[in-house]
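Read top to bottom, the protein sequences are chains A and B.
So the first sequence is numbered by this note's numbering: it starts at 1 and just counts up by one.
So the second sequence is numbered by this note's numbering: it starts at 1 and just counts up by one.
Do not rely on the hints blindly, as some may be mistaken.
What the hints assert, rightly or not - Straight-line alpha carbon distances no greater than 25 Å define the calculated DSS-like cross-link-like pairs of lysine-lysine that follow:
1) B:53 x A:42
2) B:209 x B:286
3) A:42 x A:32
4) B:77 x B:53
5) A:45 x B:266
6) A:45 x A:32
7) B:265 x A:42
8) A:45 x B:265
9) A:441 x A:475
10) B:151 x B:77
11) A:52 x A:32
12) B:265 x B:286
Stated by the list, open to error - Far from chain B, by Cβ distances over 10 Å, these chain A residues were calculated:
13) 8
14) 15
15) 21
16) 25
17) 28
18) 30
19) 37
20) 38
21) 64
22) 218
23) 273
24) 485
25) 578
26) 584
27) 636
Bear in mind the hints are in silico, worked out from the structure with no lab data behind them.
Beta carbons are placed, not taken as given, at the ideal position from N, Cα and C, and that holds for glycine.
Chain residues, written in single-letter form:
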Amino acid sequence: MSFLQIGMLAALPLVLLPVIIHLINQWRYQTKQWGAMMFLLKANKMARGYAKLRQWLIMAARMLVIAGLIFAIARPLASGLLGWSAGGRPDTTILLLDRSPSMQQAGRGGQSKLETGRRQIADALKTLGSTHWVLIDSATMQPQSFESLEAMIDAPSTDGTSAAADIPGMLQATVDYLNNNQPGASEVWLCSDLRSADWQPDSGRWKAVREAFAKMPQTVRFHLVAYPESADSDASIRVLGARRTQAEGNAVLLSMQVSQSGTVASGGMMPVRIEIDGATTELNVEMTGNQVTVRDYRVPLAGSVDRGWGKVSIPADSNAADNEAYFVFADPPARRVVLVTDDREASAAIEIAAAISPDGKSESTVEVMAPETLDSLVLDDAAVLIWQAALPDDEISPAVKRYVDGGGQVLFFPPSSLSGGLDVEGEFLGVSWQSWVGDEKALVENWRGDQDLLAATGSGVGLPVGQLEINEHAKLGGEFTQLATLSGGDPLLVRVPTARGGVYFCTATAASGQSTLASNGIVLYVAVQRAIRQGLDAIGQTGNRVAGSTGEDAVDEDASSESSGAGQGSAAEEMAQWRQIAGPTGVLSSEYTYQAGVYQATNETTEKEQPLVAVNRSVPEDQRDTLTDSQLSNLFAGLDYSRVDDSAGGLEGIVQEIWRFFLILMIAAMLLEALLCIPRRRASAAAIVGRPDVSGFKKSDSRSADRTTAGSDRTKETSAA
Amino acid sequence: MSEPNTRSFFDPQVVARLSALPLTARRPMLGSVSGKHASPHRGASVEFAEYRKYVPGDDLRRLDWRAYGRCDRFYVKEFEADTNLRMVLVVDTSGSMDFGSVGTTKLNYARSVAATLSYLAIQQGDAVGLACVADGIHQEIPPRRSASHVKTLMDTLSGAVPQGETGLETVLHELAETVRQRALIIVLSDMFIEPDAMRDCFEHLRFRKHDVSVFHLLDPEEIGFDFHRPTRFLDMEGGTAIFAEPTEIADRYHDALSEYLTAVKKVSLETAVDYRRVIIDQPYEKVLTDFLVDRAFHRGKR
């Protein structure tokens, strides 16, 4: 329970006032010489349990009256659980708002969890008051200060988005804010639906966050307003992939997944509406389970349309945020690989690996160039540049760097001169070939199997990197990240950190006798193909992004497994130039990256047509499991935390003033006290002495003796004179 | 409250007004001289009693010659005897008798009643004795009928000091044995003894053929018990002090008082005691008037 006027509680000692008055009254006793002690002694011996109880009850009632009055004036508050810890007006109130799509699940009256949470928290905070308001929303995770509660609640950054929430990240942002601003007593209100995907209970960041809060000098209290209830039945749809094909006519092959929570009626049909460039197609998907995947559904395209966007949607249900998914399609760029080699024989295996497309249908072009013919080097539409020659000199180096900055991928292999025993000069991005190790057979000791070129496949099977035998290799100088390390510590494959694009150095050639890269060609082929894929993504005309991501997380199923995580430093700048092609209306441009839709950047400088980008919610957002109570308790272990569960559309406030209750309590106590204080009907003095006609003794002088006459049993009463 | 050693308790004007009323006994008395009260013996009063056969030794002067003339037999004519009475005033001088909330104390009130009654009795030729009692008989003056005896009585009453516990039951038993038979015993006390003990005393006195009258003196404050502040009650008879919240204890006090008074009244009825409950804010003249008038109506039969 908390109080709006907590200072009034300082008056609580006044509750002892009746006791003190009683004691003073006792202390002020009078002394009386008394003759009729035998009656007093008899009265003392009589049962006095009720009299004692009555006295105690009167005392308790009086204390209750004062306590009720003080509590009523202190304006107590109660939540649904009466669980708010006592406290006064906080210095800073921080609202952590989960804006993820799952929070847009509607409840009673069509009000979503997010709207209900905003309204109820607004009511609660209006009642509680604060001097400073800070909002950290799940999309931007940037603290925004507000002067008033109304401004915070009405801010555009409190609307729903398609971006998933990162609750530990939001709490980390809270820690950073509190550390940077050092406010006084703070309250953190967290409004969420407790989805496990958003809360990431297994994340190691929780421990760090808890420790950071525990170390804070100021009081930080957490109030969790949770909406864990799930909809009885909620369907969602997402696009797994969209690619244009010209086989049997111009069309888009669309792969999508429809999932549904709750009980699914056997043989139920789910109508799916597909919209491409204004043309609508409807498809009925038979729901044979909770999740149905439709692969390569052919949607014919009109005429010569070679790029565009589309939208798939299902009928409205309890959550509108997962009923739509956007996709973009275009002709895949040509698989053009530029191979610069000074020894074509040594790079023959690389050339072959680059020339064979993974699907066997796409045409791959490998353009082999000698170092002497680099004047004609054109890298604009190259998917990847493979360089097995001396590092680019000052003349050619700027072109290669420009290519890398544009997202291009470059693979460097040792030049034949180095393997011939000659020293090679030059460096690229601070990395240079050092010396050749020719007589030391080495195996790959470890490699990064979780990401980048040597990552395991989508099915989880690792590449056979450990089977490679490296007989000769080069040494590298400079700063780089090792992706594979040989026994002895020398690197086999490294990545040079860049803002965008990928620059890799492989220290062994594919020449027979120097390594088994060619004979055991799987590793070489996969690495080259992944580099090509990354390059194609960079130069492609379309892109798929997860809402709220910075751009490198491709949503495409295949791409996600082969994603290299290549840095795309200018992604944020590019996103800033987006314009909305399709998506919800009324979205601020600053929120484009968090809202599902189709966007396209406008580059006024180059006037180059930028690729279309489809933004959709993340895959985990469709996982409906929520945190258990024990998990939640563990996450907030050691923190001052209270929780109120509510449901979407709930009409009752989560915090209510209950001073009326105490006022009624006070009145009841007063009535009880009055009832107990009613004096018992005493036998009048006249009745005691047997004279019913006499009302008092002191006022009347007309009384005569009460007489019993012996022998006659007759009592005479003398009348007033 | 201490009583000044004066005779303010005796008012001659009250005595003058009451002197017209006779003090009579309710039963025959055995006096030593002729008086106004009935005697169980035959005497020389003007009131005819009976004829009795003459037996040798009878005074020939009391022979009824007319009867002899009519029936030729000797008869003696007998008359009722009138005698005086012995009145013993038992005045309680225990500590509780010093209580009074109406300008006088119970002891002072008892002094007034006792002095007036003793004067009236001696005036009509009765013998008056006095016993000042508390936990025992402190002072005892045997009954005498001389006029000078009034002074002795007044002095004794005036010098009575209220102190000590109430030991009335012992005292009354003792008086029942020591006072000669057929006396009028008037008890002036607050009677703070148990009713059962009171019953024994009265039955003892009745057995000794005494005519017992009780003036039960009570103060209005003792009945009303009208206190509002916590009070420490000090026992005037030297007992344990009691601290009490009057508002809390008043009900039970009244219950105890009421129960006691009912029992006392019952005892007095059963033992044929002339019981008079007197609240000391009443004028004692009025109380005595009622007492004398009532007794005159119920004068003792022979």
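The hints, checked one at a time:
At roughly 64 Å between alpha-carbon atoms, residue 53 of chain B and residue 42 of chain A are farther apart than 25 Å, so this suggested pair is violated. Distance restraint check for residue 209 of chain B and residue 286 of chain B: the Cα-Cα separation of roughly 28 Å exceeds the 25 Å cut-off, and the hinted pair is therefore not satisfied. In summary, the hint linking residue 42 of chain A to residue 32 of chain A is supported, as the alpha carbons are separated by about 18 Å, within the 25 Å threshold. For the given pair, residue 77 of chain B sits about 9 Å from residue 53 of chain B by alpha-carbon distance, which is consistent with the 25 Å threshold.
Between residue 45 of chain A and residue 266 of chain B the alpha-carbon distance is near 24 Å, which keeps this suggested pair within the 25 Å criterion. Taken as a hint, the residue 45 of chain A and residue 32 of chain A pair is honoured in the structure, with Cα atoms around 20 Å apart against an allowance of 25 Å. This hinted pair checks out: residue 265 of chain B and residue 42 of chain A have alpha carbons roughly 19 Å apart, not beyond 25 Å. Distance restraint check for residue 45 of chain A and residue 265 of chain B: the Cα-Cα separation of roughly 23 Å lies within the 25 Å cut-off, and the hinted pair is therefore satisfied.
Note on residue 441 of chain A and residue 475 of chain A: the hinted pairing holds, with a Cα-Cα distance of about 14 Å set against a maximum of 25 Å. A C-alpha spacing of about 42 Å is found between residue 151 of chain B and residue 77 of chain B, which places the hinted pair above 25 Å, so the restraint is violated. With a C-alpha separation of about 23 Å, the suggested pair residue 52 of chain A and residue 32 of chain A falls inside the 25 Å cut-off, and the hint holds. Annotation: proposed proximity of residue 265 of chain B to residue 286 of chain B holds, straight-line Cα distance about 21 Å (limit 25 Å).
Consistency note on residue 8 of chain A: stated as away from chain B, and its beta-carbon is indeed over 10 Å from all of that chain's, at 33 Å minimum. At the 10 Å boundary, the C-beta of residue 15 of chain A stays outside the reach of chain B, the nearest C-beta of that chain being 22 Å off. Look at residue 21 of chain A: its CB is around 12 Å from the nearest CB on chain B, clear of 10 Å, so calling it non-interface holds up. For residue 25 of chain A, the condition that its CB be more than 10 Å from all CB atoms of chain B is violated, with the nearest at approximately 6 Å.
For residue 28 of chain A, the requirement that its beta carbon stay farther than 10 Å from each beta carbon of chain B is not met, with the minimum near 7 Å. The Cβ of residue 30 of chain A does not lie farther than 10 Å from every Cβ of chain B; its closest approach is about 5 Å, which violates its non-interface assignment. The claim that residue 37 of chain A is not at the interface with chain B is violated, since a C-beta of that chain comes within 10 Å of its own (minimum 5 Å). With 10 Å as the threshold on Cβ separation, the claim that residue 38 of chain A sits away from chain B is violated: the shortest Cβ distance comes to roughly 5 Å.
Separation of residue 64 of chain A from chain B is adequate, the least Cβ-Cβ distance of about 21 Å exceeding the 10 Å criterion. For residue 218 of chain A, the condition that its CB be more than 10 Å from all CB atoms of chain B holds, with the nearest at approximately 53 Å. A cut-off of 10 Å between C-beta atoms confirms that residue 273 of chain A is not in contact with chain B; the least separation is 86 Å. The claim that residue 485 of chain A is not at the interface with chain B holds, since no C-beta of that chain comes within 10 Å of its own (minimum 94 Å).
With a least CB separation of 86 Å from chain B, residue 578 of chain A remains clear of the 10 Å interface cut-off, as annotated. Listed as a non-interface residue, residue 584 of chain A keeps its Cβ farther than 10 Å from every Cβ of chain B; the least gap is roughly 78 Å. Every CB of chain B lies more than 10 Å from the CB of residue 636 of chain A, the least distance being 54 Å, so the non-interface label holds.
Hint violations for this structure: numbers 1, 2, 10, 16, 17, 18, 19, 20, all remaining hints satisfied.
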